[in-house]
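J.: Mind docking chain B on chain A? Use the hints.
Note that the protein sequences, when read in sequence, are chains A and B.
The numbering used here puts the first residue of the first sequence at 1, with every later residue one more than the last.
The numbering used here puts the first residue of the second sequence at 1, with every later residue one more than the last.
Wrong hints could be hidden among the right ones.
[As the list claims (entries may be wrong)] Keeping only pairs whose Cα atoms sit at most 27 Å apart, straight-line, the calculated BS3-like set for lysine-lysine is: (1) B:Lys-15 x A:Lys-352; (2) B:Lys-115 x A:Lys-9; (3) A:Lys-9 x B:Lys-139; (4) B:Lys-15 x B:Lys-32.
FYI, nobody ran anything at the bench for these hints, they're computed from the structure.
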Amino acid sequence: MYLIGHALKNIVRNKGWYLLIGTVLIVSFMSVTVSAMIHFTTTAVIDDYSDRFGASVYFTPDLRKLLTLTKPDENGMYHNPEITTEQYIVFSKSDAVKNTLFQGSRQTYSDGLIGLDQGGEEQFYASDAWKNFTAADSHDAQPQRQAPNTTVLGYSDSSIMEDFVMGLRELDEGNFFTAPGECMVSRDFADLNGLKLGDSFDLQDVNSTQVAPLHLTVCGIYLDITTPQPDGTDWAVNNRRNEILTSFSTLKEHSIEGLYVTAVYYLTSPDLASEFESYVRENGLNEIYHVNVDAASYNSIVKPVESLKNISTTFLVVILLAGGVILILLSMLGVRERKYEIGVLRAMGMQKSKVVFGLICESICVMVLCLCIGLGVGCVIAQPVSNAIMDGQADLVEQQPQPNFGDILSSTVGTNETVSALQEVEIILAPEGIVFIVMISLALGLLTNIAGIFYITRYEPMKILSERS
Amino acid sequence: MSILHLDHISYAYEKSGTPVLCGITADFEVGKMYAIIGKSGAGKTTLLSLISGLDVCTQGAIFYNGADLKSINKDRYRAQSIGVIFQNYNLLLGASAVENVVLAMNLSGDKSSNKKAAAYSLLEKVGIDRETADRKILKLSGGEQQRTGIARALSHNPDILIADEPTGNLDERTEDEIMALLSGLVKNENRCVIIVTHSHKVASCADEVLGLSGGKLTTVNQKNAANRSESGRIQLKGGTL
Numbered sequence: 001m002y003l004i005g006h007a008l009k010n011i012v013r014n015k016g017w018y019l020l021i022g023t024v025l026i027v028s029f030m031s032v033t034v035s036a037m038i039h040f041t042t043t044a045v046i047d048d049y050s051d052r053f054g055a056s057v058y059f060t061p062d063l064r065k066l067l068t069l070t071k072p073d074e075n076g077m078y079h080n081p082e083i084t085t086e087q088y089i090v091f092s093k094s095d096a097v098k099n100t101l102f103q104g105s106r107q108t109y110s111d112g113l114i115g116l117d118q119g120g121e122e123q124f125y126a127s128d129a130w131k132n133f134t135a136a137d138s139h140d141a142q143p144q145r146q147a148p149n150t151t152v153l154g155y156s157d158s159s160i161m162e163d164f165v166m167g168l169r170e171l172d173e174g175n176f177f178t179a180p181g182e183c184m185v186s187r188d189f190a191d192l193n194g195l196k197l198g199d200s201f202d203l204q205d206v207n208s209t210q211v212a213p214l215h216l217t218v219c220g221i222y223l224d225i226t227t228p229q230p231d232g233t234d235w236a237v238n239n240r241r242n243e244i245l246t247s248f249s250t251l252k253e254h255s256i257e258g259l260y261v262t263a264v265y266y267l268t269s270p271d272l273a274s275e276f277e278s279y280v281r282e283n284g285l286n287e288i289y290h291v292n293v294d295a296a297s298y299n300s301i302v303k304p305v306e307s308l309k310n311i312s313t314t315f316l317v318v319i320l321l322a323g324g325v326i327l328i329l330l331s332m333l334g335v336r337e338r339k340y341e342i343g344v345l346r347a348m349g350m351q352k353s354k355v356v357f358g359l360i361c362e363s364i365c366v367m368v369l370c371l372c373i374g375l376g377v378g379c380v381i382a383q384p385v386s387n388a389i390m391d392g393q394a395d396l397v398e399q400q401p402q403p404n405f406g407d408i409l410s411s412t413v414g415t416n417e418t419v420s421a422l423q424e425v426e427i428i429l430a431p432e433g434i435v436f437i438v439m440i441s442l443a444l445g446l447l448t449n450i451a452g453i454f455y456i457t458r459y460e461p462m463k464i465l466s467e468r469s
Numbered sequence: 001m002s003i004l005h006l007d008h009i010s011y012a013y014e015k016s017g018t019p020v021l022c023g024i025t026a027d028f029e030v031g032k033m034y035a036i037i038g039k040s041g042a043g044k045t046t047l048l049s050l051i052s053g054l055d056v057c058t059q060g061a062i063f064y065n066g067a068d069l070k071s072i073n074k075d076r077y078r079a080q081s082i083g084v085i086f087q088n089y090n091l092l093l094g095a096s097a098v099e100n101v102v103l104a105m106n107l108s109g110d111k112s113s114n115k116k117a118a119a120y121s122l123l124e125k126v127g128i129d130r131e132t133a134d135r136k137i138l139k140l141s142g143g144e145q146q147r148t149g150i151a152r153a154l155s156h157n158p159d160i161l162i163a164d165e166p167t168g169n170l171d172e173r174t175e176d177e178i179m180a181l182l183s184g185l186v187k188n189e190n191r192c193v194i195i196v197t198h199s200h201k202v203a204s205c206a207d208e209v210l211g212l213s214g215g216k217l218t219t220v221n222q223k224n225a226a227n228r229s230e231s232g233r234i235q236l237k238g239g240t241l
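Bound-form chain A, shown alone (with noise of 0.2 Å):
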């Protein structure tokens, strides 16, 4: 127990020194604090958002190779070559891909319900103008088109949902649709044909008369706060509140006849876009076709994020290693003095682990104290840190030129909402990033007195005391 009360005060004997190791001691556990922080928090952000999202691809045709491989029609206009429903699905099932976002619509006709601005497309149908379209794109007799007054919209996820992530549609009744069936309406739309909640009504596929009729129950009915653009054709297939939103799985599930649909594909990393490549020719996507890994928009999100993480790390390296060096450097300066206590001690008769307690007792005291000042500050600091950084590298890397996709499902799909979590990365001190500082602490603690452990292990007292004279 003397032990400790002789090292304590020694450290009050020896407070000049102290103050100067303290301070380097206090500086290096801030820094480490910081560092360690932003490091584990910028590695869970990386591992989450991997976890969750990966790299998005998008299928975009090559015109040059459009133009070379596809002939004209008789207009002279080029097609691109369709990618079925059915290989959208297959390409979901590839290893390589975490998540698949599938959006579907589908054109529909209910005797039953009237669409907002229906009228306009009838009259078109049944005009001698859509008659002479028709004859001159086929020798065939075009049977008279049902125009469509509702189109039906699918969704595997709510955050494809855009109009209600940016606020163009809101919730005004009811519940967002989760059960197979179960559709949305809009307030209009439902005021206009006496819909309510619960209300079940059939739709028909315009394209094609071979597709059962779709059986939805109103589950909920959203507010639409956009302007209606009139475009002087008072279709209803051009009104947006004649947008019915279900699932996607309820239209897949229903029918996939007709269905029109778009996908995102996000990889779990951009590294496996030529496995996921492989697998969609394999499975038949046109040459024609690009795969392309939109690894601009992952890295855009993660680069910061990375960025972060290696500035810290190499800070933290830094630190270590300079405030590693400045200790030893004042350890070997102040253990004249130390040398000379060490002596006088052991000519005493105190044992060398007992020396050795003492120091190391002097050490962990000062060591506690300024991780306690060093641990405090560092929290403090290390969020305006890590936003002044990200800052800098979010600056960065939006300054990079970044490609454009014309995907209906564009980049910004289901990443706004984390590009967003990713600018305010909310750094926390992690039990892991506590042990570790500690541990540094320790380490570095340690090395405050290292050159007075080495004397004590290495001579005897008098060779101390005599080199001290």
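T.: The following block gives chain B in isolation, referenced to the frame of chain A:
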């Protein structure tokens, strides 16, 4: 009764190999005060270092109570069995006088609860009052540091007390007091006191005066029969002191 036996001990400096002590054999008994005299550089302090277990002889052996110093725990030997008064004090400079004494008590394994009071009392015996005892060593005069060193050496009641010029920085009156204290230890507590000194007065207090010259230790004189020249200086084989 011999408590310490030097058996043909020799010592040479590690780097130069220069021999300092050559085959010294001697016995030190309890209840006696010994004075070792010799010229500067004769090896007196080295001899004390060997006896106090601070250094190791290159040849021969030192026996404490029949046990070879090489085979016993020298830390415990220094902390409990022997008290050393160093020529240059060797005190903890940042600590107070009383803290130095209390630390020595702690190292000796003293379990008493009133160590600080005992330390003050001991310091008072060597002429350090309470106020001075609470001062840092660096703020004490050479004489006060010397007395603190003496108090520290006495703090654990050692069987053997070794003193290297113990009264070198003390005034005549304090020198008398210290010598009386050491003589009391010898007579009343049956301790063995070995003093290295240049002082005739101190040597004259010793029961036996040993001369160190040319690496050899010889008995110069027994109690009250110091071999003096006409000038009053002690005669050694190699000359006068």
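J.: Kindly indicate which numbered hints from before are broken by the structure, ordering the numbers from low to high.
T.: Those not satisfied come down to hint 4.
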